[in-house]
Amino acid sequence: MPKDHDGIGASTKRREDVRFLSGAGRYTDDINLRGQAYAYFLRSSVAHGNLTSIDTAEAEAMPGVVRIFTAKDFEGVGGLPCGWQVTDRFGQPMKEPGHPVLATGKVRHVGDPIAVVVAESLAEAKDAAEAIMVDIDELPAVIDMKAAVAGGAPLVHDDVENNLCYDWGFVEENREAVDAAIRGAHHVTTLELVNNRLVANPMEPRVAVGDYDRTTGEHTLYTTSQNPHVIRLLMGAFVLGIPEHKLRVVAPDVGGGFGTKIFHYAEEAFCTFAAKAVNRPVKWTCDRSEAFITDCHGRDHVTKIELALDAEGKFLALRTDTLANMGAYLSTFAPSVPTWLHGTLMAGNYTTPLVYVNVKAVFTNTVPVDAYRGAGRPEATFQLERVIDKAARELGIDPIELRRRNFIKPEQFPYQTPVAVVYDTGNYHATMDKLVEIADVAGFPARRAASEAKGKLRGLGIAHYIEACGIAPSQLVGQLGARAGLYESATVRVNATGSISVYTGSHSHGQGHETTFPQVVAEMLGIDATQVDIVHGDTSKIPMGMGTYGSRSIAVGGTAMVKATEKIIAKAKKIAAHLMEAAETDVELAGGQFSVKGTDKSIAWGDVCLAAYVPHNYPLESIEPGLEETAFYDPSNFTYPSGGYACEVEVDPDTGKVEILAFSAADDFGNVINPMIVSGQVHGGIAQGIGQALLEQAVYDENGQLLTGSYMDYAMPRADDVPMYAVDHSCVTPCTHNPLGVKGCGEAGAIGSPPAVVNAVVDALAARGVTHIDMPLTPARVWAAMNAAG
Amino acid sequence: MYDFEFVKPASVADALAALSDEDAKPLSGGQTLLPTMKQRLAMPTKLVSLAGMAELIGVSAEGGVLTVKGATPHAKVAAEATAYPALAALASHIGDPAVRNRGTIGGSLANNDPSACYPAAALASGATIVTTAREIPADEYFQGMFTTALEEHEIITAVKFPIPEAANYQKFVQPASRFALVGVFVAKFATGVRVAVTGASEEGVFRWTEAEEALSSSFTPDAVASLKAPAEGMIGDIHGTPEYRAHLIGVMTKRAVAAAA
Ligand SMILES: Cc1cc2nc3c(=O)[nH]c(=O)nc-3n(C[C@H](O)[C@H](O)[C@H](O)COP(=O)(O)OP(=O)(O)OC[C@H]3O[C@@H](n4cnc5c(N)ncnc54)[C@H](O)[C@@H]3O)c2cc1C
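Protein chains in written order, with this note's numbering: chain E, 1 to 790; chain S, 791 to 1051.
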């Protein structure tokens, strides 16, 4: 078989799109089991209150009701676990209040589940839910983070003083040195900013279907998850007490996750539990309004950042003070987001020698907050790239030049940052050069003049980001408080005719793994990528998997697959050596053919595979028949993608409306498997970043009612809100510690774009005295800022 | 959604008969009513469908008046109201294609959402709302947010728009819903200029008489440049303060005049 053109580096079209674009995707809501009943959650309509009584008697007698569940039914069951324990500045563990499956004693946010009706139909379940009598003694709600920790505020959890989950300092030993450096600095730029609260809004809302086989005692949960094995682990071990061999978790086609489908949710545990309790399948489908008040939200930081510089603009020290919203309960990975996924990135691309990050995590009567595309890294990048821009303006240094002066130089890698991590490779000067070229920075003054002639204010915003992907070295994250390992597994099963099924613990929910993973295996074996298929998302098929988030799939899951394929090649060479009567060391594999060095002997890939399964002529005394290998891979470091982003805007001075005219991204993702898919990931990330910068915000009123609970008020970016992008990933410094030299690209766009957009708008309005506007930069806010300053 | 009965009468007369039940409601494009029912915020026992009824669909122009029948979808107005281009343009920017293919003028005017577009056109044009019972001048029809002169079970059968010499609608969209955060419809007639504002006021659509006077003497953007709509009584929400909305009224009026003149 000739070496095919669809291996590494080919922009192969996404094979899964045939299914998705023709309506043939099979999502969790498409699963309907025989005899299935429907669950409807009765949720709290108040943000905070004591649950004094729940009377289900009348509801239970309603037509179609199978059973009604309340917290009483879950007394013997664990709460939803938190997967990461943060240790505070004083060496104490964070406060970790319980998170019951159904609200127990108290409701703590609008949407907190109080009871669940399981009925023959969804309509009957809803009717019965209306007949449940719930008495809630309403308590004052605490929504604002500053007020929550100020002392004397209502307590979300009675045993968590001042609503403070933890007070984290990093690097705590640097605290005084940073203070001293800032006190003595030539110049200090200070900025207070908000990283706005977001709702992820994947296109597919969450769904769970629980099933139970009483003949085998086996539970199955179909769920919209980015990591079915993690759900099996958390739910089996901590919530319901079901051993792995009796619990199968399946995440079929999943329509977008963006982080919010990482976490273990109450509805999953409920459907699994209820299926056994009522002895029939139980299905729950979230509707969009329910998603707004139950899916974990993202971001929601309030930060003060100070950057100390010398007279030449060299960064001397950086100090940040952040309040991070946890919402009402600790979601699965919530504590890690504002700490280890945030503080470790505060050095950015720069040589700042001293960094101190303080984060206070706060409970409020709002939906839990957890990872959302980028998780912690966008928050870090936003602060840093905003404060650098402000410093540049204050010192009268060009913002690109100021960044260049402080970039880590290519020859300084590997680079130990003052915030614990070691960057293996990078070349920030190269990505900045590329950015300056593709964004035509030189032509900006002329374009600005043209805009001015039309009465519009034009601005150019620059940002340069670093992120830590390929999450994560298990031993390291274990020391940092992770309660899980973050390796990945893959099984490569070669079938008798040479076709291949790869079982990967990574999960694809839009990323295109079904296309890119085969490209890698095909490249290694020299066969056609169409010979390789990916199987994912089912704990009964895949040995183990930590799932997809943190741009980890190709770097960690892909590496496991490479390792398993290497084992396949090693074994296949043994078989080929036997068949060709040659020494194993003389056998080479190229273009799908095994050959003997220095001879014209060769044998095709497929013939070797066949011999493995029809071992008539086979070295049975030294190797087993069959051709299937599994590998687990645990990375030795994070990967560090980076890149320069530029945004060009026009602001309408009459209305404050911002229009994005151009957006350029020059990323270094290391080696790229499928450039088209990588561009698509960057496009999507930038669209979400533009959404955060200009449009999106989850707003609660002081009583804890979500004012932006539908698309009537929560503004998602639409096609005409975003420009055509100029995306480049030709700057490549391969990752040094994985065999593919890949870094990951899934989150970059959402990390690098918000500061670029805000910097552009501030640039447009600087002449009018504007130095900062908090996201989202809605027309009303921009207009108000323009008029307040001017 | 709660259970309800659905009837599809063949004529307006049959529809009126079907509507005589208590808690029966006309259903037109369903773009407002159905989402409300899905959220269980409305519970009519019977829906009487007007959609697709031949006698309620059509756009025609005669004697300086454009008549749009009550159940005419926005897309049809956008395509066929060529005699009144400003109205066609307004219809072409309501919602998205799905909304424009279902949603109707009668539904929009009956609902009288304070941010809807058609009320501004009807009021600025001095339109007449024709119902199964009577003809109602626009100046008497709009009575505040979601409130109109319609009696229960009265059906809008047509809207008659006097065609102005010049007109334009400027819509500044609310970023999420893309309804009007502020929309201004300016219509210039031989007898004077009418200016109607939607999206801004807590009282719903209203006429900005100060601008009307200024524009009636000089139909130029400059004539309204120095006018300021008062912020008092304007809507304040997460999308804009009363001051911002008041400011936008001025900006949008100026732009509408510039585009129309
Ligand atoms: C996504 C989206 C975006 C939208 N964007 C805009 C926008 O930008 N601008 C805008 O103006 N509107 C917008 N709308 C609203 C849209 O124009 C609706 O079509 C309109 O408000 C209602 O019309 P309908 O025919 O769908 O009425 P329905 O939903 O069927 O009915 C609405 C109400 O009117 C009553 N009714 C209907 N027809 C009659 C009649 N002939 N006589 C008496 N009562 C009647 C019904 O009983 C009901 O109470 C949007 C809607 C959606 C869903």
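Some hints here could point you the wrong way.
Said to hold, decoys possible - Cβ pair distances, simulated, as ranges:
hint, chain 1, residue 1, chain 2, residue 2, range
1, S, 887, E, 203, 15 to 23 Å
2, S, 873, E, 5, 55 to 63 Å
3, E, 15, S, 798, 43 to 51 Å
4, E, 701, S, 811, 51 to 59 Å
5, E, 24, S, 801, 42 to 50 Å
6, E, 541, S, 887, 21 to 29 Å
7, S, 852, E, 716, 51 to 59 Å
8, E, 123, S, 801, 27 to 35 Å
9, E, 203, S, 828, 15 to 23 Å
Simulated from the structure, these hints should not be mistaken for laboratory data.
All residues carry an ideal CB built from backbone N, CA and C; glycine is no exception.
Hints versus structure:
no. : hint                      : result
1   : S:887 x E:203: 15 to 23 Å : holds (19 Å)
2   : S:873 x E:5: 55 to 63 Å   : holds (59 Å)
3   : E:15 x S:798: 43 to 51 Å  : holds (45 Å)
4   : E:701 x S:811: 51 to 59 Å : violated (39 Å)
5   : E:24 x S:801: 42 to 50 Å  : holds (43 Å)
6   : E:541 x S:887: 21 to 29 Å : violated (42 Å)
7   : S:852 x E:716: 51 to 59 Å : violated (44 Å)
8   : E:123 x S:801: 27 to 35 Å : holds (32 Å)
9   : E:203 x S:828: 15 to 23 Å : holds (19 Å)
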